[in-house]
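Visitor: Sequence:
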Amino acid sequence: MSAVSEISSPPVARRNVAVLVAAQAILGAQMPLVFTISGLAGQALTTNLCFATLPISLIVVGSMLTATPLSWLMQRAGRRAGFAVGALGGALGGAICAYALFIASFPVFLLGSLCTGVYMSAQGFYRFAAADTASDDFRPKAISYVMAGGLASAIIGPQLVKFSQGMFDHPSALVTSFAGAYLMVVVLNIAGSSLFLFLRIPKPPVPSDDAPRGRSRRELITTPRIAVAVICAMVSYALMNLVMTSTPLAVVGCGFDKSDAADVVTAHVLAMFAPSFFTGHLIARFGVERIVGLGLVILGAAGAVALSGVALENFFVALIVLGLGWNFGFIGATTMLAAAHAPHERGRMQGLSDLLVFGGVTVASLASGGLMNCSGGTAEAGWTAVNIAMTPFLALAGGALLWLVLRPKDQMA
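Quick note on numbering: the sequence shown equals residues 22 to 434 in our numbering.
By construction, these hints were calculated from the structure, which means they are not laboratory data. Check before you lean on any hint, since a few could be wrong.
[What the hints assert, rightly or not] Derived pair list, reagent style SDA-like, types lysine to any residue, alpha-carbon separation capped at 20 Å:
id, residue 1, residue 2
1, K183, D281
2, K279, A98
3, K224, A98
4, K224, H365
5, K224, V207
6, K224, T89
7, K224, V33
8, K279, V338
9, K279, I176
Please construct the entire structure, taking both the sequences and the accompanying hints into account.
Guide: Laid out in structure tokens, this is it:
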């Protein structure tokens, strides 16, 4: 057996998936953790409540800015190098945020949030790494299984928020409430980064002078199937982020406790990843377009539930439905994209895709704070504005998907 075929064999592909599942569970726990507390910490640090969710926006900005460089690094030095850089960024971001809480500095807190985005960007490539050594049949399942690793992170992250409260005996409520959680972020990144030593994903071969260079970024993004996949991924992720970013502020603003907000986020993240055990099977059976379309419909249903009231059960149901819609929409779009470009176009296309996806998430995150805190003057009014804002983007993605499906079969590329 050649080295290439050995690396691409089913046992190796499955081991790589197992490593990435563990990374998603352990390292990935920092994302629900920071999304639970960053808006609340920002609200306490800033004098302008419209900027309360700016730390979350800076996380996404950091992810967007580093998506292309990380993709370039992985194309040349391999997945391990890129994932190690991501863990370093996460640890640095957690340390800076903890320091910012001790000195009560909102600008320093924003800097730490920006560094955290390096990890978020690297985590986004776990799903692509799962497909690197997978066969065509195993690919959608591999992507789904890696995303399913988020089930553990959904439990670990918010529980660490509760566990870490009061970890530091300090006169500042900021420190006692949040600094311990950011220390947990540092620990997660240091401990979890060792997992990547067990990955066996070959670096893409250096192309010879006469090898095909593949399509340019413009040619890739104007390919109908790729364009629709990116649009659906952008909308699924951005709308999920729009609503999730505002959720802790809305829950607390409507009279519930921070622990209630953490529980709602836990339920949401569980719903994001629990379906991943069977999403790949559904894609294989019913087709990727149907699953993406179902995801968009479910996202719309989440908005309808949120608009029906602000009781605690409304928050739980809306965020659970939101997570399910994200799972079908985003995993489906990722599967569609992974099958629409050649291996030698991987670095170019995946970096461009995540740049666009997290660009959309950045806009959604920035809009979330403004809509939540500066629309009508009450938490209820802000929450209503956030959920109404989903409508035009769902229509855009749904229209694009319908256009792709209705194209003649000989124009489906």
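Visitor: Which hints, by number, does the structure contradict?
Guide: Going through the list in order, the structure violates hints 2 and 5 and respects the others.
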